[in-house]
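If you read the sequences in order, they're chains A and B. Residues in the first sequence are numbered from 1 upward in steps of one, following our numbering. Residues in the second sequence are numbered from 1 upward in steps of one, following our numbering.
Worth flagging that the hints you see were computed from the coordinates, not collected in a lab. The C-beta atom is built at its ideal place from N, Cα and C for all residues, glycine as well. Heads up, a few of these hints could be off.
[Said to hold, decoys possible] In silico BS3-like links for lysine-lysine, alpha-carbon gap of 25 Å or less: (1) A:K59 - A:K94; (2) B:K65 - B:K77; (3) A:K226 - B:K65; (4) A:K120 - A:K59; (5) A:K197 - B:K77; (6) A:K218 - A:K243; (7) A:K226 - A:K197; (8) B:K77 - A:K2; (9) A:K243 - A:K47; (10) B:K6 - A:K10; (11) A:K59 - B:K77; (12) A:K121 - A:K47; (13) A:K47 - A:K182; (14) A:K99 - A:K121; (15) B:K145 - A:K59.
[Stated by the list, open to error] Chain B is faced by these chain A residues, among others (derived, beta-carbon under 10 Å): (16) V21; (17) T24; (18) H75; (19) P77; (20) E80; (21) T149; (22) D157; (23) I162; (24) G163; (25) Q205.
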Amino acid sequence: MKISRREFAKTGFRVIIGAAVSSTIIESIVTNSIAAEVSPGGGYDWKEHLWGYVVDTRKCIGCGRCANACKLENHVPFDEPVYRTWVERYRVLKDGEVKIDSPNGSINGFEDDIPAEEIKKAFYVPKICNHCEIAPCVQVCPVGATYETEDGVVLVDYDYCIGCRYCIQGCPYGARYFNTEKRTADKCTWCYHRITKGLLPACVQACPVGARIFGDLKDPESEVNKILDKERINVLKPDLGTKPKVYYVGLDREVR
Amino acid sequence: MQPHLKRVIILLVIALIAFIFIRSLIVPDSFGQYGWYRGESVIDNRNLQVGYAGSSSCGEENCHKTIYSIWVGSRHKAVNCEICHGPSNDHVNNVRIMPEPANESREYCGLCHFERAARPANFPQIDPETHGENLRCAYCHNPHKPWFV
Numbered sequence: 001m002k003i004s005r006r007e008f009a010k011t012g013f014r015v016i017i018g019a020a021v022s023s024t025i026i027e028s029i030v031t032n033s034i035a036a037e038v039s040p041g042g043g044y045d046w047k048e049h050l051w052g053y054v055v056d057t058r059k060c061i062g063c064g065r066c067a068n069a070c071k072l073e074n075h076v077p078f079d080e081p082v083y084r085t086w087v088e089r090y091r092v093l094k095d096g097e098v099k100i101d102s103p104n105g106s107i108n109g110f111e112d113d114i115p116a117e118e119i120k121k122a123f124y125v126p127k128i129c130n131h132c133e134i135a136p137c138v139q140v141c142p143v144g145a146t147y148e149t150e151d152g153v154v155l156v157d158y159d160y161c162i163g164c165r166y167c168i169q170g171c172p173y174g175a176r177y178f179n180t181e182k183r184t185a186d187k188c189t190w191c192y193h194r195i196t197k198g199l200l201p202a203c204v205q206a207c208p209v210g211a212r213i214f215g216d217l218k219d220p221e222s223e224v225n226k227i228l229d230k231e232r233i234n235v236l237k238p239d240l241g242t243k244p245k246v247y248y249v250g251l252d253r254e255v256r
Numbered sequence: 001m002q003p004h005l006k007r008v009i010i011l012l013v014i015a016l017i018a019f020i021f022i023r024s025l026i027v028p029d030s031f032g033q034y035g036w037y038r039g040e041s042v043i044d045n046r047n048l049q050v051g052y053a054g055s056s057s058c059g060e061e062n063c064h065k066t067i068y069s070i071w072v073g074s075r076h077k078a079v080n081c082e083i084c085h086g087p088s089n090d091h092v093n094n095v096r097i098m099p100e101p102a103n104e105s106r107e108y109c110g111l112c113h114f115e116r117a118a119r120p121a122n123f124p125q126i127d128p129e130t131h132g133e134n135l136r137c138a139y140c141h142n143p144h145k146p147w148f149v
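Bound conformation, chain A alone:
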């Protein structure tokens, strides 16, 4: 078979143009027009907010009212060992050993089962989903059932989740759990149903000592920003590059 240069160019161009046109047609049919509407509406514009959370570990008394309130507000299976937020107790013993525990996520409080003489230092560390800017759990979801909203909250689509548990494996902070009632993955939403109505998350409202502070990072006058501007802060596992939005004050080097 012999083709002239002109013939070759003609067919070549036809193939290229045909491929380009058909792929754009398929693309436009397959994907919805993105960002025609900027916000889900309802008197709340998610472009105006970027939520952030501060934990002051120096204030926490380990009463566990946060974990209790969270379970009641969000209908987390109460008698199962799953938590959206919990409090860990760190005890550094005089022989150098570090004991970390969180019996029932702190909901029943803590008992002193090690004599005070053996303890060098002890403190509580509240834990919660970090709502990472670069969230591993969102990246690994195979069906797009978990996502970060424009106002910086990582949510789960309970109707779309297939319950494969990959996100639970993917979270480096252990903040996700499998909800046996919904048969889906589940996690802290920073009480998205509350914060979009101007209320505080249940755990923040329940804290009697102000160890948990919630606010808008886009508002320079918010309590969260005032602390971030003044205090020495850190995040959990900064080396992972997940860019958490839960900031800790008074974080010890033992805390993981």
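Take the given structure of chain A and dock chain B to it, following the hints.
Okay, now just chain B, sitting in the frame of chain A:
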């Protein structure tokens, strides 16, 4: 065009149309509205039921104004009503629905006030072995306006 090529092209076109058709049936309408997820899901998450109404809703109306005004000036003002009285949004919306009765046990006060090694030293704590002879805390201390002997 040769007939076998024609057949392949027709088959490909049919497969493509079938793909687009089946996909449009399976993928929810709002998928891709804001990103690679179902846009409707944001609304679903926002519409979940609120359980904790907040202390201000106890005192703002004329319902529990007296006890509210005592509490709001006390050292327990950071301990919101619903920490002891339980989530009460249903009660705020309909007074016939009563919240769980407050937990008045010694152990419940102890969640905050029993001496624990990990607590900040300046937080008020008691030794449950030596303090209060196993009486209910409210026997001496008013939980709405605590005082110190």
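Now the hints, each set against the structure:
1. A:K59 - A:K94: Roughly 23 Å separates the two Cα atoms, so the pair holds.
2. B:K65 - B:K77: 14 Å, holds
3. A:K226 - B:K65: 32 Å, violated
4. A:K120 - A:K59: 19 Å, holds
5. A:K197 - B:K77: 23 Å, holds
6. A:K218 - A:K243: Given that 25 Å is the threshold and the Cα spacing comes to 16 Å, the pair holds.
7. A:K226 - A:K197: Satisfied, since the Cα-Cα distance of roughly 23 Å is no more than 25 Å.
8. B:K77 - A:K2: 92 Å, violated
9. A:K243 - A:K47: 19 Å, holds
10. B:K6 - A:K10: 20 Å, holds
11. A:K59 - B:K77: 16 Å, holds
12. A:K121 - A:K47: Roughly 43 Å between the alpha carbons, so the hint for A:K121 and A:K47 is violated.
13. A:K47 - A:K182: 30 Å, violated
14. A:K99 - A:K121: 11 Å, holds
15. B:K145 - A:K59: 22 Å, holds
16. V21: 13 Å, violated
17. T24: With a minimum Cβ separation of about 13 Å from chain B (threshold 10 Å), the hint on A:T24 is violated.
18. H75: Since chain B brings a Cβ to about 8 Å from A:H75, closer than 10 Å, the hint holds.
19. P77: 15 Å, violated
20. E80: 18 Å, violated
21. T149: This hint holds: A:T149 lies near chain B, its Cβ roughly 6 Å from the closest one there, short of 10 Å.
22. D157: This interface hint holds because 4 Å falls under the 10 Å limit.
23. I162: Since the shortest Cβ distance to chain B is 13 Å, the answer is violated.
24. G163: 15 Å, violated
25. Q205: At 6 Å from the nearest chain B Cβ, A:Q205 passes the 10 Å test, so the hint holds.
Of the hints listed earlier, those the structure fails to meet are numbers 3, 8, 12, 13, 16, 17, 19, 20, 23 and 24, in rising order.
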